[in-house]
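Undergrad: Each chain, written out:
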Amino acid sequence: MHERRIERLLTCAALSSIAILALIILFIFKEGIGAVRHTGVLNFLVGSRWSPSREVFGIFPMIVGSLWVTVGALLLGAPLGILCAVFLSEFAPPKIANLARVSVQMLAAIPSVVYGFIGLVVVVPLIREYLGGPGFSVMASSIVLATMILPTVISISLDAIEALPSSYKEGAIALGATKWQAVAMVILPSARSGILAAVILGMGRALGETMAVIMVAGNALSVPTGALAPVRTLTSGIALEMGYATGLHRQALFGMGIVLLLLILGLNLIASSVGRGVRR
Amino acid sequence: MNRLKDRLGTTLVWLSGIGVMLLLAAIVGMVLVRGIPALSVEFLTSAPEKMGREGGILPMIVGTMLLALLAVPLSGILGVGAAIYLAEYTVESRLTRIVRLATESLAGVPSIIFGLFGFVLFVMTLGFGWSLLSGALTLAFMTLPTIIRTAEESIRSVPGIYREVSYALGAGKWQTIRRVVLPSAGPGILTGIMLALGRSVAETAAVIFTAGSSLKYPRTLFDPVRTMAVHFYILAREGISMERAYGTAAMLIILILIVNSVALLLMQRFRAKV
Numbered sequence: 001m002h003e004r005r006i007e008r009l010l011t012c013a014a015l016s017s018i019a020i021l022a023l024i025i026l027f028i029f030k031e032g033i034g035a036v037r038h039t040g041v042l043n044f045l046v047g048s049r050w051s052p053s054r055e056v057f058g059i060f061p062m063i064v065g066s067l068w069v070t071v072g073a074l075l076l077g078a079p080l081g082i083l084c085a086v087f088l089s090e091f092a093p094p095k096i097a098n099l100a101r102v103s104v105q106m107l108a109a110i111p112s113v114v115y116g117f118i119g120l121v122v123v124v125p126l127i128r129e130y131l132g133g134p135g136f137s138v139m140a141s142s143i144v145l146a147t148m149i150l151p152t153v154i155s156i157s158l159d160a161i162e163a164l165p166s167s168y169k170e171g172a173i174a175l176g177a178t179k180w181q182a183v184a185m186v187i188l189p190s191a192r193s194g195i196l197a198a199v200i201l202g203m204g205r206a207l208g209e210t211m212a213v214i215m216v217a218g219n220a221l222s223v224p225t226g227a228l229a230p231v232r233t234l235t236s237g238i239a240l241e242m243g244y245a246t247g248l249h250r251q252a253l254f255g256m257g258i259v260l261l262l263l264i265l266g267l268n269l270i271a272s273s274v275g276r277g278v279r280r
Numbered sequence: 001m002n003r004l005k006d007r008l009g010t011t012l013v014w015l016s017g018i019g020v021m022l023l024l025a026a027i028v029g030m031v032l033v034r035g036i037p038a039l040s041v042e043f044l045t046s047a048p049e050k051m052g053r054e055g056g057i058l059p060m061i062v063g064t065m066l067l068a069l070l071a072v073p074l075s076g077i078l079g080v081g082a083a084i085y086l087a088e089y090t091v092e093s094r095l096t097r098i099v100r101l102a103t104e105s106l107a108g109v110p111s112i113i114f115g116l117f118g119f120v121l122f123v124m125t126l127g128f129g130w131s132l133l134s135g136a137l138t139l140a141f142m143t144l145p146t147i148i149r150t151a152e153e154s155i156r157s158v159p160g161i162y163r164e165v166s167y168a169l170g171a172g173k174w175q176t177i178r179r180v181v182l183p184s185a186g187p188g189i190l191t192g193i194m195l196a197l198g199r200s201v202a203e204t205a206a207v208i209f210t211a212g213s214s215l216k217y218p219r220t221l222f223d224p225v226r227t228m229a230v231h232f233y234i235l236a237r238e239g240i241s242m243e244r245a246y247g248t249a250a251m252l253i254i255l256i257l258i259v260n261s262v263a264l265l266l267m268q269r270f271r272a273k274v
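Chains A and B are the protein sequences, given in the same order. Note that the numbering used here has the first sequence beginning at 1, numbered continuously upward. Note that the numbering used here has the second sequence beginning at 1, numbered continuously upward.
Hints should not be assumed to be uniformly reliable.
In silico EDC-like pairs for lysine to aspartate or glutamate, Cα to Cα no more than 16 Å straight-line [unchecked claim]:
#: 1; chain 1: A; residue 1: Lys-179; chain 2: B; residue 2: Glu-243
#: 2; chain 1: B; residue 1: Lys-173; chain 2: A; residue 2: Glu-3
#: 3; chain 1: B; residue 1: Lys-50; chain 2: B; residue 2: Asp-223
#: 4; chain 1: B; residue 1: Lys-50; chain 2: B; residue 2: Glu-238
#: 5; chain 1: B; residue 1: Lys-173; chain 2: A; residue 2: Glu-7
What the hints contain is simulated information worked out from the structure, not anything from laboratory work. A quick note: this is a predicted structure, and the numbers were derived from the prediction, not measured.
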């Protein structure tokens, strides 16, 4: 009797993550769908004017902005992260590998506002000085985001590489391959699905990051014209206006939340089907 | 040609590895070097004045601690319960696959979405307002996946022989879990709890719309609070006081380094034991 009651309680606990995810989807949709309907799905997604006072809600510039900074972050962060995972598993002497592992975990723990702040006082002025423009830009956001996705890319790629049977590498070395050849021709290709999952999850993190991006992006409300132009992302668009938005305006912000949530849940699904079997 | 490729590849790999370590050192170093001079007893033990231009950050330290200490026990109980169920009570089935998928998806949901969600559900619908309670519940939901994942992993790594010996001695299932499995998995579970604590302390987007940004000390669960991360964000972004922003950031980083070092030490002890 006692045992059965405990099992029931534990089952409820296990179902809580399903319940919470369902609640999140439900409430974000319920709150945001009104403004999307009011504007029309197509106009909401591809409309390029955002003018809350006139109840005009087109979020196209912010969708493009999010994609730009995310792609930039991946171009910079993914190769660095994958190479770092290779370093940790294949090249680093044990002591250095340990130190690097600790560093990666600490990088994951640093608050996003601190990343944004470093971007604000270091990256933005450097870009303004040496490359021109206002400094607050797609490029600044991508650099900050690239740093922030490193822990995700590194730890999941590392899992994928370490899950490979050691005979793969030993076989390559026995055939006379150098360490680098073993990495480039055997290890990376065999771990590619796990590495791809790592990059996709990194993409999700970049797409969802908010506070750091607000501080360095410039937040201009137009489609960015280049890497040095200011940009507003979906996330920063929500956070900048949530403080004072009411009525239909607030609903439109939740509408942006719907778009963001769908994009990220989609990416997660892709990552988990691509990387199936890698994590355990 | 191959020789050249080899050199180039190896150099790139080393540069990336060392680069990541230098990156961390540079970020932490910069915040500490510029922030520690701003720390003083007065800064840490007084309330801010003139929106934070003067005075200290004690209400923010209190608010941060209270929020994290309310959130983590909640996600701890739920998360460890879920992990026990997943590791001890079921075999792989459709249900466990769905639970895992939901947990992974929840881990990927951005904190701004948790902020929006907490705002509609706790602040508005349930009428808790911007408050400690709304913020803590939101953070509890947000940190749940971290705890489930680490706790399940630690429970699974407890050797099966422990359970068999316990059953052989006549213990029931729950007795075995409580007296044998959980104590052995303890350090691993604690690691997850410390990581969740670190995430709660570091969070901004999810708490700014649920716990508010009041400069006062909270008196009840329904009072708003401003966390250190939110305070730092407002000081830096609105350019209120760079000196005090650095000071707040240094405190935040020190706190987070301590919490995460404890997590890492626990993890290493756990790995060594199992």
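Undergrad: Which of the stated hints cannot be reconciled with the structure, identified by number in ascending sequence?
TA: Hints 1, 3 not satisfied by this model.
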